[in-house]
Amino acid sequence: MIKTIVMVVGLAAFTGASVACFGLFSSNDRPARESCEGLSGQARTDCEQGKSPKPR
Amino acid sequence: MTSVLPSPYGVFVAAGCIAAVLWLKTRREALGLSENAFWAAVWVMVLGAMVGAKALFVALGWEHYARGELRFWADFGVGFVFFGGLVGAVLSGWIFARWRGLSFTRGADYFAVAVPIGHAIGRIGCFVTGCCAGHPPHPVQLYEAGGLALIAWCGRAAIARVEALELPRGSAFWLYLFLYGVLRVALDPLRADGRPERFLGLSAQQGLALGLIAVALVAVRLSRRPGQASA
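These protein sequence lines map, in sequence, to chains P and D.
Going by the numbering used here, 3 is the number at position 3 of the first sequence; the sequence numbering is gapless.
Going by the numbering used here, 108 is the number at position 52 of the second sequence; the sequence numbering is gapless.
If we strip away everything but chain P, and leave its shape as in the complex, we get (with noise of 0.2 Å):
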């Protein structure tokens, strides 16, 4: 039971934190988008407001 509570926790904390987190240990300092043609789902959703790009 242990066992199976610390690999729940553990695949929620690494799917969840994959998607959502990466972009914590970055620099914000971006370049330009000179178009968001192309991207898709939540990519491109963020390259039109002109926001940092989450997950898709």
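Quick caveat, the hints were computed from the structure, so don't treat them as lab data.
Hints are not guaranteed to be accurate.
Unchecked claim - Have a look at the derived ranges for each label pair, beta carbon to beta carbon:
no.	chain 1	residue 1	chain 2	residue 2	range
1	P	F14	D	W209	26 to 36 Å
2	P	T4	D	A111	39 to 49 Å
3	D	S90	P	V9	15 to 25 Å
4	P	I2	D	E85	14 to 24 Å
Unchecked claim - Below, a sample of chain D positions facing chain P; criterion: calculated Cβ distance under 10 Å:
no.	residue
5	W99
6	V241
7	A242
8	P245
9	L246
10	F255
11	G257
Said to hold, decoys possible - The following residues of chain D were derived to be distant from chain P, with all beta-carbon distances above 12 Å:
no.	residue
12	Y65
13	E85
14	V134
The beta carbon of each residue, even a glycine, is placed where N, CA and C say it ideally should be.
Mind docking chain D on chain P? Use the hints.
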């Protein structure tokens, strides 16, 4: 510095992953795995899915990385293509099964229910976040979530027939590939995002979905040959 808190999308992805794994955990004995082997398989496949999903996103959007509009590590949370994740998970699962001397199709049948459960929850996260949206007024993420729930239900029914020896092993998995391929081919025209390029009128995602359908049909054909064991 960005927020330490995960986005709603990240929360839904994690919730989907947990739901899928907890469902699989209830079938651990049917999978023929020890506790340690079960968790090893889960981690191997999650990592394989992550690598595959990111690899296909980079392959499809390489020009954005080349122009510096996206950076690999800084923007790692951006862009995971489900089809790539599926291929990565299947490949890593197949390698794990070979390494441990297990039947790949025996496990794949159960993943055919777990994956659409988790995927459906992830799509709800897409809807909440506003990504992968459809042309108005279509909430295409919810359409897909509903379709995935139905696919999971069909997969569970197929597993019951596999366990009753009415269908060969792997049948539930091939059914999942076929139905999800059909779902994506049908829903892709409703999506407002995605790349504009078309080949024979089909998007890249529709092409990949047709590939899934073809793989499923071939696998079913092969698994039904008299006297031939499934892969």
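Hints, verified against the model:
In this structure the supplied range 26 to 36 Å holds for P:F14 paired with D:W209, their Cβ-Cβ distance being about 28 Å. Between P:T4 and D:A111, the C-beta spacing of about 30 Å breaks the proposed range 39 to 49 Å. Take D:S90 and P:V9: their Cβ atoms lie about 21 Å apart, and the range 15 to 25 Å holds. Look at P:I2 against D:E85: about 19 Å separates their beta carbons, and that is inside 14 to 24 Å.
Checking D:W99 against chain P: minimum C-beta separation of about 8 Å stays under 10 Å; hint holds. Taking 10 Å as the C-beta cut-off, the interface hint given for D:V241 is violated, the closest approach to chain P being about 17 Å. With its C-beta approaching chain P no nearer than about 18 Å, D:A242 sits outside the 10 Å limit, and its interface hint is violated. Here the hint on D:P245 is broken, as its CB sits about 14 Å from the closest CB of chain P, past 10 Å.
Contact between D:L246 and chain P, as hinted, is not supported at the beta carbon level, the nearest pair being about 14 Å apart and thus beyond 10 Å. Checking D:F255 against chain P: minimum C-beta separation of about 15 Å lies over 10 Å; hint violated. Hint status for D:G257 relative to chain P: violated, with the closest Cβ pair at about 18 Å, above 10 Å. At roughly 5 Å from the closest C-beta of chain P, the C-beta of D:Y65 falls inside 12 Å, breaking its exclusion from the interface.
Every C-beta of chain P lies more than 12 Å from that of D:E85, the closest at about 14 Å, which supports listing it as non-interface. Under the 12 Å C-beta cut-off, the non-interface status given to D:V134 relative to chain P is violated; the minimum distance is some 4 Å.
The structure fails to meet hints 2, 6, 7, 8, 9, 10, 11, 12 and 14 from the earlier list, while all remaining hints are met.
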